[in-house]
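Student: Chains A and B supply the protein sequences, listed in that same order. The opening residue of the first sequence carries number 1 in the numbering used here; numbering runs sequentially from there. The opening residue of the second sequence carries number 115 in the numbering used here; numbering runs sequentially from there.
No lab work stands behind these hints, which were simulated from the structure alone. Honestly, I wouldn't trust all of these hints.
[Stated by the list, open to error] From the structure, some residues in chain B lie toward chain A, with a derived Cβ separation under 10 angstroms: (1) 118; (2) 122; (3) 130; (4) 196; (5) 207.
[To be verified] Straight-line alpha carbon distances no greater than 27 angstroms define the calculated BS3-like cross-link-like pairs of lysine-lysine that follow: (6) B:171 x A:82; (7) A:3 x B:170; (8) B:171 x B:192; (9) B:214 x A:62; (10) B:170 x B:185; (11) A:70 x B:185; (12) B:170 x A:69; (13) A:82 x A:62; (14) B:171 x B:214.
All values reported here derive from a predicted model rather than from experimental measurement. Even for Gly, the Cβ is constructed at its ideal location relative to N, Cα and C.
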Amino acid sequence: DMKVTQMPRYLIKRMGENVLLECGQDMSHETMYWYRQDPGLGLQLIYISYDVDSNSEGDIPKGYRVSRKKREHFSLILDSAKTNQTSVYFCASSFGGNSGNTLYFGEGSRLIVV
Amino acid sequence: QQQVRQSSQSLTVWEGETAILNCSYENSAFDYFPWYQQFPGEGPALLIAIRSVSDKKEDGRFTIFFNKREKNLSLHIKDSQPGDSATYFCAASAPSSGQKLVFGQGTILKVYL
Chain A
1 DMKVTQMPRY
11 LIKRMGENVL
21 LECGQDMSHE
31 TMYWYRQDPG
41 LGLQLIYISY
51 DVDSNSEGDI
61 PKGYRVSRKK
71 REHFSLILDS
81 AKTNQTSVYF
91 CASSFGGNSG
101 NTLYFGEGSR
111 LIVV
Chain B
115 QQQVRQSSQS
125 LTVWEGETAI
135 LNCSYENSAF
145 DYFPWYQQFP
155 GEGPALLIAI
165 RSVSDKKEDG
175 RFTIFFNKRE
185 KNLSLHIKDS
195 QPGDSATYFC
205 AASAPSSGQK
215 LVFGQGTILK
225 VYL
């Protein structure tokens, strides 16, 4: 079954707390992504990972870091969360290689920072 | 600067009409243009995609028209159904982009009975 699973689906944190968003995929995809979705802004790429310990910044990496120690698992970490990081976060995965591969998205993790 | 721009934040059509969603882009190096469909509470899913060597791609009721010279494309949804009500994202990537996909802001489509 081709699936991207995100945990947790909903999270409320206080400003300054640490946040861990986790993502898993069962398709053996090399490439994984973290996007955030905000109204009027669409999906913005935070980080991309090409394989284990091979991560690259996206368009809005500030305030975030990632970890990929297993091919099937990709984590997004917010050290000291800020209110402007309130958003819906989507993880996605795809086959590696050339551009033009289909991205498979999880159902999203809604984070509220108060 | 928005590299991929969708001209309408929302669009409303009646059942049976053709919905037309427009998209433009800045980067001439973009060569792959997928459209993703997202229902509330779900992640986006690939709907249809086109490469810049083509000017049209059709899949059932969904057609992409692509104009490389004008750097724009449109998604036509023929015979729109209430079940097509969703947010549609235009996206683009370039061969040199390292698999990074850039998304537009999204267009919310509502199809009324």
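Student: Take the hints in turn and mark each one as holding or not.
Tutor: Status of each hint after checking the structure:
1. The interface hint given for residue 118 (chain B) holds, since its Cβ lies 8 angstroms from the closest Cβ of chain A, which is under the 10 angstroms cut-off.
2. Of the supplied interface hints, the one on residue 122 (chain B) is violated, with its beta-carbon coming no nearer than about 12 angstroms to a beta-carbon of chain A, more than 10 angstroms.
3. Residue-level restraint check for residue 130 (chain B) is violated (minimum Cβ-Cβ distance to chain A is 29 angstroms; threshold 10 angstroms).
4. Given the 10 angstroms rule on beta carbons, the hint for residue 196 (chain B) is violated: about 22 angstroms separates it from the nearest Cβ of chain A.
5. About 4 angstroms separates the beta-carbon of residue 207 (chain B) from the nearest beta-carbon of chain A, less than 10 angstroms, and the hint is met.
6. Between residue 171 (chain B) and residue 82 (chain A) the CA atoms are separated by roughly 43 angstroms; this puts the pair beyond 27 angstroms, and the hint is violated.
7. The straight-line distance between the Cα atoms of residue 3 (chain A) and residue 170 (chain B) is roughly 30 angstroms, outside the 27 angstroms bound, and the hint therefore fails.
8. With a C-alpha separation of about 13 angstroms, the suggested pair residue 171 (chain B) and residue 192 (chain B) falls inside the 27 angstroms cut-off, and the hint holds.
9. With a C-alpha separation of about 17 angstroms, the suggested pairing of residue 214 (chain B) with residue 62 (chain A) holds against the 27 angstroms cut-off.
10. Simply put, residue 170 (chain B) and residue 185 (chain B) have alpha-carbon atoms about 14 angstroms apart, close enough for the 27 angstroms limit, and the pair holds.
11. Of the pairs offered as hints, the one joining residue 70 (chain A) and residue 185 (chain B) is violated, with about 39 angstroms between alpha carbons and a cut-off of 27 angstroms exceeded.
12. For the hint linking residue 170 (chain B) to residue 69 (chain A), the alpha-carbon distance of about 41 angstroms lies beyond 27 angstroms, and the restraint is violated.
13. Of the pairs offered as hints, the one joining residue 82 (chain A) and residue 62 (chain A) holds, with about 11 angstroms between alpha carbons and a cut-off of 27 angstroms not exceeded.
14. With a C-alpha separation of about 22 angstroms, the suggested pair residue 171 (chain B) and residue 214 (chain B) falls inside the 27 angstroms cut-off, and the hint holds.
Violation of the numbered hints given earlier is confined to hints 2, 3, 4, 6, 7, 11, 12; the remaining hints are satisfied by the structure.
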